[in-house]
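With chain A held as given, fit chain B onto it using these hints.
Protein chains in written order, with the working numbering: chain A, 1 to 245; chain B, 246 to 466.
One or more of the hints may lead you astray.
[As the list claims (entries may be wrong)] Computed list of lysine-lysine pairs in DSS-like fashion (alpha-carbon distance at most 27 Å, straight line):
{"no.": "1", "chain 1": "A", "residue 1": "90", "chain 2": "B", "residue 2": "338"}
{"no.": "2", "chain 1": "B", "residue 1": "436", "chain 2": "A", "residue 2": "226"}
{"no.": "3", "chain 1": "B", "residue 1": "400", "chain 2": "A", "residue 2": "4"}
{"no.": "4", "chain 1": "A", "residue 1": "6", "chain 2": "B", "residue 2": "334"}
{"no.": "5", "chain 1": "A", "residue 1": "18", "chain 2": "B", "residue 2": "338"}
{"no.": "6", "chain 1": "B", "residue 1": "334", "chain 2": "A", "residue 2": "205"}
{"no.": "7", "chain 1": "A", "residue 1": "170", "chain 2": "B", "residue 2": "372"}
{"no.": "8", "chain 1": "A", "residue 1": "14", "chain 2": "B", "residue 2": "435"}
{"no.": "9", "chain 1": "A", "residue 1": "148", "chain 2": "A", "residue 2": "90"}
{"no.": "10", "chain 1": "A", "residue 1": "226", "chain 2": "B", "residue 2": "435"}
{"no.": "11", "chain 1": "B", "residue 1": "338", "chain 2": "A", "residue 2": "242"}
{"no.": "12", "chain 1": "B", "residue 1": "338", "chain 2": "A", "residue 2": "170"}
{"no.": "13", "chain 1": "A", "residue 1": "170", "chain 2": "B", "residue 2": "349"}
{"no.": "14", "chain 1": "B", "residue 1": "372", "chain 2": "B", "residue 2": "349"}
{"no.": "15", "chain 1": "A", "residue 1": "6", "chain 2": "B", "residue 2": "338"}
{"no.": "16", "chain 1": "B", "residue 1": "435", "chain 2": "A", "residue 2": "148"}
{"no.": "17", "chain 1": "A", "residue 1": "242", "chain 2": "A", "residue 2": "14"}
{"no.": "18", "chain 1": "A", "residue 1": "14", "chain 2": "B", "residue 2": "304"}
{"no.": "19", "chain 1": "B", "residue 1": "436", "chain 2": "A", "residue 2": "146"}
{"no.": "20", "chain 1": "A", "residue 1": "11", "chain 2": "B", "residue 2": "338"}
{"no.": "21", "chain 1": "B", "residue 1": "435", "chain 2": "A", "residue 2": "242"}
{"no.": "22", "chain 1": "A", "residue 1": "92", "chain 2": "B", "residue 2": "338"}
{"no.": "23", "chain 1": "A", "residue 1": "90", "chain 2": "A", "residue 2": "18"}
{"no.": "24", "chain 1": "A", "residue 1": "205", "chain 2": "A", "residue 2": "147"}
{"no.": "25", "chain 1": "A", "residue 1": "146", "chain 2": "B", "residue 2": "435"}
{"no.": "26", "chain 1": "B", "residue 1": "334", "chain 2": "A", "residue 2": "18"}
{"no.": "27", "chain 1": "A", "residue 1": "170", "chain 2": "B", "residue 2": "435"}
{"no.": "28", "chain 1": "A", "residue 1": "147", "chain 2": "A", "residue 2": "170"}
{"no.": "29", "chain 1": "A", "residue 1": "226", "chain 2": "B", "residue 2": "400"}
{"no.": "30", "chain 1": "A", "residue 1": "226", "chain 2": "B", "residue 2": "292"}
{"no.": "31", "chain 1": "A", "residue 1": "14", "chain 2": "A", "residue 2": "205"}
These are computed hints drawn from the structure, not numbers from a lab.
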Amino acid sequence: MNLKLKIWRQKDPKTRGKFVNYQLRDISPDSSFLEMLDVLNEQLVSMNEEPVVFDDDCREGICGACGMYINGHPHGPDTLITVCQLHMRKFKDGDTIVIEPWRARAFPIIRDLMVDRSAFDLLIQEAGYVSINTGSAPDANSIPIKKKYADLSMDAAACIGCGACVAACKNASAMLFVGAKISHLTLLPQGEVEALERVSKMVTKMDELGFGSCTNTGACEAECPKGITLTNIARLNRQYYKATF
Amino acid sequence: MSSIFTSSIGKKLLMSLAGLFLVTFLLVHMGLNLLVIIFDDPMVYNKAAHIMSSNFLIKIFEIVLFGGLLLHVIYALILQVQNWIARPKRYNKANYANTSFFSKFMIHTAAIILVFLVIHFVDFYFKAKFGHAAEIHVDGVMYHDLASEIVDKFKMMPFVVFYIAAFIFLGFHLIHGFQSAFKTLGLDHKKYTPVIQVLAIIYTVVVVAGYSIIPVIVYFQ
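Bound conformation, chain A alone (with noise of 0.2 Å):
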């Protein structure tokens, strides 16, 4: 495949950044797309310029690494898959692909593709855990859980915090994140002991951050790698009305 690729470069957070274009020749259609970005940042060096700079880490699809934006998909054209998943297949030849880094004032850019994710940590931090007391481990299924609360809890931990919800999102909002994260450790009762003082906290910490409003227009949701859904942003919205009444 021959490919024109348009990616954003910015050499440190004060920099403003531009687009550059590059062409790529003989690339396999089944090659990841970020092989592609090896292959081409293999081509950079051996011309003596800075290779694109993007995150990236276990390369199989769970760590949430590799977030870039794709021709005007978080993660790019396909569904339910990180960047490492997407193959050069989904593109034609001859396409142009732009590549942008996530864009919100929570993630600030530090290097062309590569943004500061820790607003997400803060946020963990602030109170995205469960308190307990340390000790032996406690005996398997000594806290009988309903079925149908384990499900709910482990389909919200499956995020990953890659930060598409917010990089898809028109309002740059982390609602989607902080939902699957209340979900996730209220559902279950080991969590719901400080549920509702997780959850003002945590939503006054996004609000500190910069993150934007949900305006329920469902784009977070689409764009999930690992499908999170939008229930769980009514879930956040009824603990913090519980919290806050």
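Quick look at chain B alone, frame taken from chain A:
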């Protein structure tokens, strides 16, 4: 409790409650207006309008209504500005294909509705309120002849077109707003949300058709 006025979810809650209140009001207002075309006698509408402007309870309701509208507008503006700030640099190639269509234009349709409201107030509300409309005395009671005001206005083509266009934009606003309000209230369910979405469409069609039919019928009568 105070965080309801400051947090993003709190502001959305107030907006959705005010929005649903306005949704209810639209039905009441439409019901009254339809009296103009349902009954040949203009006094039916005039009497109904008289009750609406003189009843003590409804006067209180009127204040609540303006409060609700103001709340809806003010919080919408604050949230919109915050949402714009949340993404200072736009995407070069943004593709909001997965963003529900009408949700993208809420602020734009809202602006059109506000302009419409100003014109609508000048046309009718202020006339009724400050007594520029013709007076009719029946059994010693003075009624404003608002039915004739409506007929006079809607005999003019530009008014008919402008009002119907405004109703269509109102419909665009409602089709997202109606169902979004329920989600903001925390009501989202696999089974019931599709029902609410269908209700939103039915409600929108009824409101747009109900309001639009009045100028059309008056014009061709």
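Evaluation of the provided hints:
1. A:90 with B:338: Cα-Cα ~18 Å, so holds.
2. B:436 with A:226: Between residue 436 (chain B) and residue 226 (chain A) the Cα gap is close to 22 Å, so the pair holds against 27 Å.
3. B:400 with A:4: 59 Å, violated
4. A:6 with B:334: Holds - the C-alpha atoms of residue 334 (chain B) and residue 6 (chain A) are around 17 Å apart, at most 27 Å.
5. A:18 with B:338: 13 Å, holds
6. B:334 with A:205: 22 Å, holds
7. A:170 with B:372: 42 Å, violated
8. A:14 with B:435: 45 Å, violated
9. A:148 with A:90: Cα-Cα ~36 Å, so violated.
10. A:226 with B:435: Distance ~18 Å between residue 226 (chain A) and residue 435 (chain B) Cα, so the pair holds.
11. B:338 with A:242: 40 Å, violated
12. B:338 with A:170: At roughly 13 Å apart (the allowed maximum being 27 Å), residue 170 (chain A) and residue 338 (chain B) satisfy the hint.
13. A:170 with B:349: Between residue 170 (chain A) and residue 349 (chain B) the Cα gap is close to 8 Å, so the pair holds against 27 Å.
14. B:372 with B:349: 36 Å, violated
15. A:6 with B:338: Measuring from Cα to Cα gives roughly 10 Å; hence the hint holds.
16. B:435 with A:148: The hint holds at about 14 Å.
17. A:242 with A:14: Given that 27 Å is the threshold and the Cα spacing comes to 42 Å, the pair is violated.
18. A:14 with B:304: At roughly 57 Å apart (the allowed maximum being 27 Å), residue 304 (chain B) and residue 14 (chain A) break the hint.
19. B:436 with A:146: 20 Å, holds
20. A:11 with B:338: Holds, at roughly 21 Å.
21. B:435 with A:242: 22 Å, holds
22. A:92 with B:338: Given that 27 Å is the threshold and the Cα spacing comes to 18 Å, the pair holds.
23. A:90 with A:18: The hint holds at about 26 Å.
24. A:205 with A:147: Violated, at about 32 Å.
25. A:146 with B:435: 19 Å, holds
26. B:334 with A:18: Between residue 334 (chain B) and residue 18 (chain A) the Cα gap is close to 12 Å, so the pair holds against 27 Å.
27. A:170 with B:435: Distance of about 24 Å is within 27 Å: holds.
28. A:147 with A:170: The hint is violated at about 35 Å.
29. A:226 with B:400: With a Cα-Cα distance of about 57 Å, the restraint between residue 226 (chain A) and residue 400 (chain B) is violated, given a limit of 27 Å.
30. A:226 with B:292: 60 Å, violated
31. A:14 with A:205: 25 Å, holds
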